[in-house]
Amino acid sequence: MYRTHILVCGGTGCTSNKSFKIVEELNKQLTERNLNGEVKVIHTGCFGLCAKGPIMVIYPEGTFYHSVKADDVTDIIEQHVIAGKPVERLLHKENDGTVVNSLKETEFMKKQVRLDLRNCGVIDPENIEEYIGRDGYQALAKVLTQMTPDDVIDVILSSGLRGRGGAGFPTGLKWKFAKGSQDPVKYVCCNADEGDPGAFMDRSVLEGDPHVVIEAMAIAAYAIGSNQGYVYVRAEYPIAVQRLQIAINQAKEYGLLGKNIFGTGFDFDLEIRLGAGAFVCGEETALMTSIEGKRGEPRPRPPFPAVKGLFGKPTILNNVETYANVPQIILKGAEWFASLGTEKSKGTKVFALGGKIVNTGLVEVPMGTTLRVVVFDIGGGIPNGKKFKAAQTGGPSGGCIPTEHLDVPIDYDNLIAIGSMMGSGGLIVMDEDNCMVDIAKFFLEFT
Amino acid sequence: MEVAKLNELRNTMHKQFVNRQPADENTVVFKVGAANGIDKAKTFLMKMIDAVSDLSSDALVMADVGFEKGVKVTKGGKETAYPFVTEENAEGFVKEYFGKEA
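Order-wise, the sequence lines are chains C and V.
First residue of the first sequence: 1, per this note's numbering; consecutive thereafter.
First residue of the second sequence: 1001, per this note's numbering; consecutive thereafter.
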């Protein structure tokens, strides 16, 4: 047991800001001072407040330090760890100058509900035992020992979970279609291509909590009758790929992937396939064609992948964030999940806030939260006193939401009604200086 | 891995997170007096952490340099001081505290 836990963000943003050097210096100094037996340093996933990185949180106090550098480590250890007093200059200040000690108490975090991101910033993503310590693989154990495949599909259907990749198709229905196919060979795929500009939700889940995707894919495989899965990750995400591969290796080592999982006779194996920079491979049939080793080109549908997908076999493809919801739905129940969100859009949604906004980063809010809350309360508003002009959602297929729709509750149907779409979660904010003609031109050129 | 082994590992590892989570209104926060230095209070602190992690998954144990002796416990915004808790009776105090709560 440790008296103090120092969590340092190891997401891509903070890593590019050399957060790994902070970890190195912490470990070095703690060893030199003989404190490494009572103070634990954890290199975690994304806390979300990327604009203020590198981020450090120290428990049990929950003290939140921002913009930390390796040079700050001496003060942190001497003042905080040894003397028990926070390092004031590293504490977060809100827009009005209020000092906030705890990340949880920041305006950025207060209105968030982190379900998909529950382990990001809490566990070491390269340690399967930490995932297990937070109820990891309990859902898979429950599914394999207490539930039939139809039970699993019923729970997912009843939860109201809809695909988080953009289309919002009911996840349980997709699995039901695939289960209904009679072919003995079926596949489970995960779309981690994440090509929409500004989107990094899936990257953060894979970097911060890769086992949740593995566990969920195993659950999906059991539900539809599959024994093989593939995670298609864009090659531009090296940290995510590395952590996912470590997680897969550990899951195999612990018998949570492979043959006869939990002694139930259920086999499931998982492999990574890397993308090669093609936006089109975020589309499900092009993705599958790419996994098959061919040029990533979409195929006409029907037949739909649930009938004839990867290698011509029944296949389900779900987004990373969709999968991230599954274990908790199994453990806490469909009603729990359905109690969050709106009538037709249950649960939460992760958004990657970018563009002209104070708090760029990753946020997770219940469906039905308004754009005004996301942009102004959580996002901190527009920098430099500029006026909000629009927020782009839905990637290149989406649209720009102007001021008059700031109070529309965000869900799948409302966004379509106002001329945009949910998409995967990229939310790019624009101010009075942005030219909408240039924005339109950018997206036309992108596609 | 068998399910029983998974559960055993889960219970062991779960204790690590007793002191690695944000507090909310349900969290019991134990503060150990450390005005004479955290290093001097270390053994007391670790005994409290060990005892609490065995009995609760929604608690925090931390050193507090603002006072010297005993323990202060906060729950739901209400703080209660227990000045006579020491390193020697820490385990018994924690058991009694959670016994009373139950």
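Because the hints were derived from the structure by calculation, they are not lab data.
Hints are supplied without guarantee of correctness; some may be wrong.
Unchecked claim - Below 35 Å or equal to it, Euclidean Cα-Cα: the simulated DSBU-like pairs (lysine-lysine) are:
(1) LYS93/C <-> LYS1069/V
(2) LYS104/C <-> LYS1015/V
(3) LYS1040/V <-> LYS40/C
(4) LYS69/C <-> LYS1040/V
(5) LYS441/C <-> LYS1069/V
(6) LYS1095/V <-> LYS1069/V
(7) LYS40/C <-> LYS69/C
(8) LYS179/C <-> LYS313/C
(9) LYS1040/V <-> LYS111/C
(10) LYS104/C <-> LYS1078/V
Keep in mind that this is a model prediction, so the values were computed, not measured.
So, going through the hints one by one against the coordinates:
no. : hint                    : in the structure
1   : LYS93/C <-> LYS1069/V   : 33 Å, holds
2   : LYS104/C <-> LYS1015/V  : 21 Å, holds
3   : LYS1040/V <-> LYS40/C   : 19 Å, holds
4   : LYS69/C <-> LYS1040/V   : 29 Å, holds
5   : LYS441/C <-> LYS1069/V  : 68 Å, violated
6   : LYS1095/V <-> LYS1069/V : 19 Å, holds
7   : LYS40/C <-> LYS69/C     : 18 Å, holds
8   : LYS179/C <-> LYS313/C   : 12 Å, holds
9   : LYS1040/V <-> LYS111/C  : 40 Å, violated
10  : LYS104/C <-> LYS1078/V  : 20 Å, holds
Of the numbered hints listed earlier, those contradicted by the structure are 5 and 9.
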